[in-house]
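Student: Take the given structure of chain A and dock chain B to it, following the hints.
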Amino acid sequence: MSNTANLVDFPLRRPGQPYPPDQYADFRAREGLVWSHMPTGAKVWLVTKYDDVRAVLTDPRISSSPRHEGFPSVGRTGGVPNPDQVPGWFVALDPPDHDRFRKALIPEFTVRRIREMRPSIQEVVDHRIDGLLTAGNEAELVSDFTAAVPSLVISALLGVPHVDRDFFEARIRLLVTMSSTHDERDQATREILRYLSRLILVKQKRPGDDLISVMLASGAMSLQEISGAAMLLLIAGQETTANNMALGMVTLLLNPQWIGDERAVEELLRYYSVADMVALRVATEDTEIGGQPIKGGEGIVPLVAAANHDSSVFERAGDFDPSRSARHHVAFGYGVHQCLGQHLVRAELDIAYKTLFERIPKLELAIPVEKLAFKYDGVVFGIDSLPVRW
Amino acid sequence: MVRVVANPGSCIGAGQCVVTAPSVFDQDEDGIVVVLDEHPGDDELADVRDALDVCPSRSLRLATD
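Going line by line, the protein sequences match chains A and B.
To convert a position in the first sequence, counted from 1, into the numbering used here, add 5.
To convert a position in the second sequence, counted from 1, into the numbering used here, add 4.
Bound conformation, chain A alone (with noise of 0.2 Å):
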């Protein structure tokens, strides 16, 4: 344990633009890890370093079970749902609890599964295109199209009803946001269970070719944990794209000159690393990482933002630079966990960025660029709105 002196206090205010906080950069200079002060009172070990963060993440010893004392909290409350609460959660399992789940969801998200699903991204993108010229020469685009396109496509995969998309949209906005009450976040979690529970016993009647009936059809889950799974899968598969995708096109508004080329697609899941902080984690007994040891029960925070800014591994790090091979950053983490629906986000990102500038090639913002709303206050990073005209 390092000497309080080097004490921190985290989550540390996001800058915004550019991005991540500077304060990264000091961290992956100390040597070891950075112990480190949360709004809950717990003390935890910050990892910043490209090395560490991928050691942290592989390490058997370290686990992502809310269930073991010590387990870390971004935010005032909750983070991570009580596995008790949310059966099915299976980014708080360990293997080899966790492997069921991925097991009977890798076949729908495979490479070529997902590329059989752009035409119909494609469709959800232009519809939503359609709208936006329609209504005039200017437009909201985190409400009209950011947060649109990953809730429409994460909806149809699931079997979810779209208009419904509100009352989602409001509870999850409780779940990622860190200032978030217990009590507000355990009405969220048990609305979005009872109306995903009910869901299912409609698909058990009538299958679909849907995630939900895929799951039941696996015979791998109880019906309580294919509510959580389902949960789980719709906000990861709305937040994070979301936020990607609404920040993204703020950077190619302001670098015109990679518009259209596929290569910002990667890059820009590196440059923004949202999920900087949502992959928490406790060692269950002693270990070591980058020379550091840790103690069992001792919460520690793998920052994927901080790793994929390691200017050991990213040249001129603090660029935005498509030019440079990005596929190795740790935006969607590593080991076990890594994020199952990358490739359908790659590609949610890819046909959103090429067809709206594609389509309204005057696109411009609205409002100057220090006056944009970010979230520093989710869980995931991203941004609240984002006016722009034509």
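Since the hints were derived computationally from the structure, they do not count as laboratory data.
Wrong hints could be hidden among the right ones.
[Claimed, not checked] Quick list of in silico lysine to aspartate or glutamate cross-link-like pairs, DMTMM-like style, CA-CA up to 25 Å:
(1) A:Lys108 / B:Asp46
(2) A:Lys108 / B:Asp32
(3) A:Lys300 / A:Asp56
[As the list claims (entries may be wrong)] Computed Cβ-Cβ distance ranges for the label pairs, DEER-style:
(4) B:Met5 / A:Arg195: 36 to 44 Å
(5) A:Gly295 / B:Ser14: 32 to 40 Å
(6) A:Pro373 / B:Leu40: 29 to 37 Å
(7) A:Pro124 / B:Glu33: 16 to 24 Å
(8) B:Ala50 / A:Glu363: 42 to 50 Å
Ideal Cβ placement from N, Cα and C applies to all residues, glycine included.
Tutor: Then chain B, alone, in the frame of chain A:
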């Protein structure tokens, strides 16, 4: 000669190898890694090494026969 070896038992189907070295790796119907070409040419080896590096479950290696 260098040979590509995959461990389907530890593979989690992330598909990173498929997008990194598409002529050498594929996924079967269950999403699990399949080696298409055990002895890739020298021009493909750089991509194969990248695939080894990005594999999140560390299920790939190069063996020398």
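Student: Are the hints correct? Go through all of them and say.
Tutor: Verification of the hints:
no.: 1; hint: A:Lys108 / B:Asp46; verdict: violated, 34 Å
no.: 2; hint: A:Lys108 / B:Asp32; verdict: holds, 12 Å
no.: 3; hint: A:Lys300 / A:Asp56; verdict: holds, 20 Å
no.: 4; hint: B:Met5 / A:Arg195: 36 to 44 Å; verdict: violated, 59 Å
no.: 5; hint: A:Gly295 / B:Ser14: 32 to 40 Å; verdict: violated, 24 Å
no.: 6; hint: A:Pro373 / B:Leu40: 29 to 37 Å; verdict: violated, 51 Å
no.: 7; hint: A:Pro124 / B:Glu33: 16 to 24 Å; verdict: holds, 21 Å
no.: 8; hint: B:Ala50 / A:Glu363: 42 to 50 Å; verdict: violated, 33 Å
The structure fails hints 1, 4, 5, 6 and 8 (numbered hints given earlier, in ascending order).
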